[in-house]
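Colleague: If you want the building blocks of each chain, they are given just below.
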Amino acid sequence: MAGTIIADTLEHSTAGSIATNYVVEGSAKAWIHFVGNVNPPTTQDSFNFASITDSGTGNFELSFTNSMSAATYSGCCNGDTWGGSTTFNDGGANTTSALSIGGWNASAARQDQAVMTAMAMGDLA
Amino acid sequence: MNTPDFKGTHLFDRLCWAKENLDGVQSDYRVVYEDSVDECAKILVPDPNWMACALQGGILPPVWVYHELAKDEAQPDFKKHTRGYLLHQTEPVGPMTEEEAIEYLIKKDCPEAVWKTYNESNRLKMVICKKEQLPQTREWRNAWKINQDLVAA
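Protein chains in written order, with numbering that gives the first Met the number 0: chain S, 0 to 124; chain E, 0 to 152.
There could be a bad hint or two in this list.
Short, incomplete list of chain E residues facing chain S, as computed with Cβ under 7 Å [claimed, not checked]:
no.: 1; residue: M0
no.: 2; residue: L10
no.: 3; residue: W16
no.: 4; residue: K41
no.: 5; residue: L43
On the chain S side, residues computed to face chain E include the following (Cβ under 7 Å) [what the hints assert, rightly or not]:
no.: 6; residue: G2
no.: 7; residue: T3
no.: 8; residue: A6
no.: 9; residue: T42
no.: 10; residue: Q43
no.: 11; residue: F87
no.: 12; residue: G91
no.: 13; residue: A92
no.: 14; residue: T95
The set of hints was computed from the structure by calculation and includes no laboratory data. Backbone N, C-alpha and C define an ideal beta-carbon position, used for all residues, glycine too.
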């Protein structure tokens with residue numbers, strides 16, 4: 000592909016060097032910001048997601064366009080944090096093709112949240 | 000804007016190009032489906048950046064590639080994909096209409112047991128609708144089912 004630079008190390012003039020696999024392996028492979036408390040949920044911005052499946056209150060499945068290599072990737076999620084509510088990755092339900100996330104309130108009940116964000120860290124298929 | 004010749008280009012690189020060059024397309028279509036009698040209806044919402052890729056053409060792999068990967072993942076001894084190259088080396092599909100893109104997305108992200116037999120049981124399991132046809136609030140969301148009377152009408 001035009002414009003390709005092949006390098007194993009990036010070196011700064013004074014700050015030292017870093018192996019490029021830190022960049023390749025340490026970058027988010029997918030991310031999304033969506034509104035989860037409206038019907039239907041609305042994506043504000045995203046990368047490498049094909050769809051949101053609204054599976055019920057505070058229960059969403061985010062499907063990748065470029066699948067992950069294994070289901071053992073890390074899903075990082077966040078949401079409204081007022082009143083003790085938050086958003087978690089339902090890691091046990093993750094597959095290589097979709098990331099499952101849930102919104103919860105302070106009483107540990109499912110809750111739709113206005114701002115829901117998620118990203119996936121790991122290797123691509 | 001014309002899509003570069005992406006044959007053999009890693010899918011992630013194609014998505015990077017699309018993110019930089021295409022505006023997202025918010026589709027009005029939604030897919031409502033039921034894959035369990037014990038659970039509420041699910042709603043599939045297309046991602047705007049994905050929809051832009053589908054309409055543009057030359058970016059997304061054919062949907063059968065995802066089915067092949069799903070078959071691999073369903074194996075009991077599955078650990079990680081060994082046929083990820085299918086995503087990158089299979090010739091991308093051409094531009095789709097919005098309706099064709101929804102059909103593609105159904106086959107990609109809805110359970111096969113739903114879309115293959117959606118109208119063969121004694122109740123419909125899947126409906127494509129416009130977002131305005133859904134309830135405007137999420138009240139009683141976990142009790143939602145497809146209205147069979149409306150479907151029959």
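Colleague: Can T42/S be said to touch chain E, with a Cβ gap under 7 Å?
Modeller: holds (5 Å)
Colleague: For the restraint on A92/S, tell me whether the closest CB of chain E is nearer than 7 Å.
Modeller: violated (13 Å)
Colleague: Quick one, is the L10/E hint okay against chain S at 7 Å, beta carbons?
Modeller: Holds, because the Cβ-Cβ distance from L10/E to chain S comes to roughly 5 Å (cut-off 7 Å).
Colleague: Would the hint on A6/S stand, with a C-beta cut-off of 7 Å toward chain E?
Modeller: violated (17 Å)
Colleague: Do the numbers back the hint for M0/E, that is, is its least Cβ distance to chain S under 7 Å?
Modeller: Status violated, d = 17 Å.
Colleague: Does K41/E hold up as a contact with chain S if the rule is Cβ-Cβ below 7 Å?
Modeller: Interface hint status for K41/E: holds (5 Å vs cutoff 7 Å).
Colleague: Taking the least C-beta to C-beta distance, is L43/E closer than 7 Å to chain S?
Modeller: holds (5 Å)
Colleague: Using 7 Å as the Cβ threshold, decide whether G91/S counts as touching chain E.
Modeller: violated (15 Å)
Colleague: Using Cβ atoms only, decide whether T3/S comes closer than 7 Å to chain E, and label the hint accordingly.
Modeller: violated (10 Å)
Colleague: Any CB of chain E closer than 7 Å to the CB of T95/S?
Modeller: Holds, because the Cβ-Cβ distance from T95/S to chain E comes to roughly 6 Å (cut-off 7 Å).
Colleague: Mind checking the CB of W16/E against every CB in chain S and telling me if the closest is under 7 Å?
Modeller: The hint is violated - W16/E has no Cβ within 7 Å of chain S, the shortest such distance being about 10 Å.
Colleague: Less than 7 Å between beta-carbons is the criterion; does F87/S satisfy it with respect to chain E?
Modeller: Violated. Min distance 18 Å.
Hints 1, 3, 6, 7, 8, 10, 11, 12, 13 from the earlier list are contradicted by this structure; the remaining hints agree with it.
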